[in-house]
Amino acid sequence: GDSVTQMEGPVTLSEEAFLTINCTYTATGYPSLFWYVQYPGEGLQLLLKATKADDKGSNKGFEATYRKETTSFHLEKGSVQVSDSAVYFCALRRQGGGKLIFGQGTELSVKP
Amino acid sequence: GAVVSQHPSWVICKSGTSVKIECRSLDFQATTMFWYRQFPKQSLMLMATSNEGSKATYEQGVEKDKFLINHASLTLSTLTVTSAHPEDSSFYICSASWGGTGANVLTFGAGSRLTVL
Numbered sequence: 005g006d007s008v009t010q011m012e013g014p015v016t017l018s019e020e021a022f023l024t025i026n027c028t029y030t031a032t033g034y035p036s037l038f039w040y041v042q043y044p045g046e047g048l049q050l051l052l053k054a055t056k057a058d059d060k061g062s063n064k065g066f067e068a069t070y071r072k073e074t075t076s077f078h079l080e081k082g083s084v085q086v087s088d089s090a091v092y093f094c095a096l097r098r099q100g101g102g103k104l105i106f107g108q109g110t111e112l113s114v115k116p
Numbered sequence: 062g063a064v065v066s067q068h069p070s071w072v073i074c075k076s077g078t079s080v081k082i083e084c085r086s087l088d089f090q091a092t093t094m095f096w097y098r099q100f101p102k103q104s105l106m107l108m109a110t111s112n113e114g115s116k117a118t119y120e121q122g123v124e125k126d127k128f129l130i131n132h133a134s135l136t137l138s139t140l141t142v143t144s145a146h147p148e149d150s151s152f153y154i155c156s157a158s159w160g161g162t163g164a165n166v167l168t169f170g171a172g173s174r175l176t177v178l
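Sequence order for the protein chains is A and B. Using the working numbering, the final residue of the first sequence is 116, and nothing's skipped along the way. Using the working numbering, the final residue of the second sequence is 178, and nothing's skipped along the way.
By construction, these hints were calculated from the structure, which means they are not laboratory data. Some hints could be false.
[Said to hold, decoys possible] Computed beta-carbon distance windows for the label pairs:
hint, chain 1, residue 1, chain 2, residue 2, range
1, A, Ser7, B, Asn112, 23 to 33 Å
2, B, Gln103, A, Gln49, 17 to 27 Å
3, B, Gln103, A, Lys115, 23 to 33 Å
[Stated by the list, open to error] As a list, the in silico DSSO-like pairs of lysine-lysine whose alpha-carbon atoms are at most 30 Å apart:
hint, chain 1, residue 1, chain 2, residue 2
4, A, Lys53, B, Lys102
5, B, Lys125, B, Lys81
6, B, Lys75, B, Lys116
7, A, Lys60, A, Lys115
8, B, Lys102, B, Lys125
9, A, Lys56, A, Lys72
10, A, Lys64, B, Lys102
11, A, Lys81, B, Lys102
12, A, Lys64, A, Lys115
13, A, Lys115, B, Lys102
14, A, Lys72, A, Lys115
15, B, Lys116, B, Lys127
16, B, Lys102, A, Lys60
17, A, Lys81, A, Lys64
18, B, Lys102, B, Lys127
[Said to hold, decoys possible] Pulled from the structure, derived: some chain A residues nowhere near chain B, Cβ distances all over 10 Å:
hint, residue
19, Ser18
20, Glu19
21, Gln49
22, Lys72
23, Glu80
24, Leu104
Glycine included, every Cβ here is placed at the ideal spot set by N, Cα and C.
Chain B extracted, bound-state conformation (with noise of 0.2 Å):
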């Protein structure tokens, strides 16, 4: 079946550096791909898409130049948390769409928690 592998899947960092955390289709080929991020006990929000070879869409309220996001091949996106501060700890998942055109499935990553001392 389709994986979505996330890595790191956890990480520790000091305010003010930055964190890349990867996105990778394992045994497909991702056309789109979606950045959620969870807060602790709660729902996921989504981020932004990813679509490969264009630039991401941001949901409002998302800081694009905060989170970069590049989607340069069909197998892979990364998304960047640039000058991290503390209030960006939190569990970032991706999620890749799968099967065609107007798929209708999509397979999530186990997920990246990033801590910002």
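Same shape as in the complex, but just chain A (with noise of 0.2 Å):
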């Protein structure tokens, strides 16, 4: 079945840092691949989304290509900063929509 593959957490960074986080896939078809972030005690909100291969997403500086090839959509920014600190989620979503499949979620830390 589709399934979501995070790099494990926490991951700490300091301030300024760049950062990584790693999120490969497995889908039949073409889905469409999301970054969630979490905020501690909130929910889930959309940071950004590619909706087909080679698209890229970006937000607040947060970027992820759409990679079919490696099926892959690492989670990228230059330069983080403290109130970046959350859970972030890369999840898939089938063509023609119905629910997403979440990753186990990476935990990111930025030290002042």
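Make the complex out of the two chains shown on their own, each in a separate frame, by following the hints.
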């Protein structure tokens, strides 16, 4: 079945460091791919998305490119801030809608 | 933008009682809503898919008599945890689909933290 695998956390970085959180997926067809962020005690917020191969989603300095050949959707940010500390979830959704399938989440902690 | 409101945001109840959690789409009609459960430091587990006017579709392993889902209107879905026990303590999150048939965007509520004593 469809699945999403993320790199394990927690990831601890200093402020202004470069961030990469790896995400790979297994799915038939051409799913849409998402990154969601969850701040402490809150629900999920959509961070960015990509709906087809080679699309790049971007928001708030975060980027991720839909790589069909490597079935990946790695999240990157050039310079993280303390306020980026949160749990990040990679997810996919099949063509035509339906449920989201989440990765296990990666906790990011950014220190001043 | 699309907003999903969940209520209550946190609730504490005694073992054996029932708790209802509401999920409302505030500025759009949600034909489909999803209910997730999240354990501490873990990912979200889909519990059920709720379609307006029909019975919810439960994921394997989720007790439908334990977790009652009602989607009576296009803007409201409710999850009732019946005869709650401490092991039901968790973070429950709903999401709603918007944007038309096969829509690709899901908006999440802020979640409801249930603690059963």
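Check: Of the numbered hints stated previously, which ones are contradicted by the structure, given in increasing order?
Finding: Violated: hints 14, 21 and 24.
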